[in-house]
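> The listed protein sequences derive, respectively, from chains A and B.
Residue 140 in this note's numbering sits at position 140 of the first sequence, with consecutive numbering throughout.
Residue 68 in this note's numbering sits at position 68 of the second sequence, with consecutive numbering throughout.
Please keep in mind that the hints were generated in silico from the structure rather than gathered at the bench.
Mixed in with the good hints, there may be bad ones.
With beta-carbon atoms standing in for the labels, derived distance ranges [as the list claims (entries may be wrong)]:
id	chain 1	residue 1	chain 2	residue 2	range
1	B	48	A	31	46 to 56 Å
2	A	61	B	48	18 to 28 Å
3	B	74	A	149	51 to 61 Å
Within a straight-line C-alpha distance of at most 27 Å, the following computed BS3-like cross-link-like pairs (lysine-lysine) qualify [stated by the list, open to error]:
id	chain 1	residue 1	chain 2	residue 2
4	A	137	B	2
5	B	37	B	2
6	B	37	A	137
As the structure is a computational prediction, the values presented were derived from the model and not from experiment.
By construction, the Cβ of each residue, glycine as well, lies at the ideal position given by its N, Cα and C atoms.
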Amino acid sequence: MKPSGHDLSKLSPKCDIRIQREDFDIAAEITRLTRGRTDTGAVVTFSGLCRDEAGALSALELEHYPGMAEAEIRRIADEAIARWPLTGLTAIHRFGRIRPGENIVLVIAASAHRQAAFDGASFLMDFLKTHAPFWKKEHRADGSEGQWVAAKEEDDDALKRWEERP
Amino acid sequence: MKLVYFSWIRERLDRTEEEVELPETVATLGDLIAWQKTRGEAFEAVFEHDRVVRVALDHAHVDDRSEPLEGVREAAFFPPMTGG
Numbered sequence: 001m002k003p004s005g006h007d008l009s010k011l012s013p014k015c016d017i018r019i020q021r022e023d024f025d026i027a028a029e030i031t032r033l034t035r036g037r038t039d040t041g042a043v044v045t046f047s048g049l050c051r052d053e054a055g056a057l058s059a060l061e062l063e064h065y066p067g068m069a070e071a072e073i074r075r076i077a078d079e080a081i082a083r084w085p086l087t088g089l090t091a092i093h094r095f096g097r098i099r100p101g102e103n104i105v106l107v108i109a110a111s112a113h114r115q116a117a118f119d120g121a122s123f124l125m126d127f128l129k130t131h132a133p134f135w136k137k138e139h140r141a142d143g144s145e146g147q148w149v150a151a152k153e154e155d156d157d158a159l160k161r162w163e164e165r166p
Numbered sequence: 001m002k003l004v005y006f007s008w009i010r011e012r013l014d015r016t017e018e019e020v021e022l023p024e025t026v027a028t029l030g031d032l033i034a035w036q037k038t039r040g041e042a043f044e045a046v047f048e049h050d051r052v053v054r055v056a057l058d059h060a061h062v063d064d065r066s067e068p069l070e071g072v073r074e075a076a077f078f079p080p081m082t083g084g
């Protein structure tokens, strides 16, 4: 989807989508997004980590659909760029085996002012959780067969708040 | 057509992908799901709960079961996503 009504004299927003096994460096990613332009006044970052509950989890296995994951996140990012005056947007999602305390996902939204950056980052995360083709399987600390993580209804509910927004 | 499977659907069907020759009567996504149900016990069990199985055609989500399959190269079947 192409953004409409944007001032063509402005720099186009930077958009960087990556699906990778490796960890990411949040500070380096902020620099990469804001470097070389002076029209950014606000940067919001969200990072999602692998969370343990009561020592039961040894790791999460993140499975993804390689052909589709990047394309789907790019579609969501394009929608965010069309809805808010963002100067940049980064989304990095890891796959493979991830241990408690390690990073899973990073979203960075940059804009001239903070509200668009907050909204853009939040919108991207809400759609990423329900639309990006990733699945988590638990590996348990006691070595027993882990479960696939079930989708949450509140993730679908979170989408609804964007229906009536700009 | 290439069929690919993810998460517990991949495990239940014991395959990550396969190339299939579809009968001529299979024209829509709904037809494809109905055909999958005829392929043995594991398939029947997975596709019985039709709305739990999400589908992507050539890497795009498709909800509408009346979507035509003409020209589609790859269909993916998976449960609700849990990334992020």
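> Could you work out which of the previously given hints the structure breaks and list their numbers from low to high?
Of the numbered hints, just 3 does not hold.
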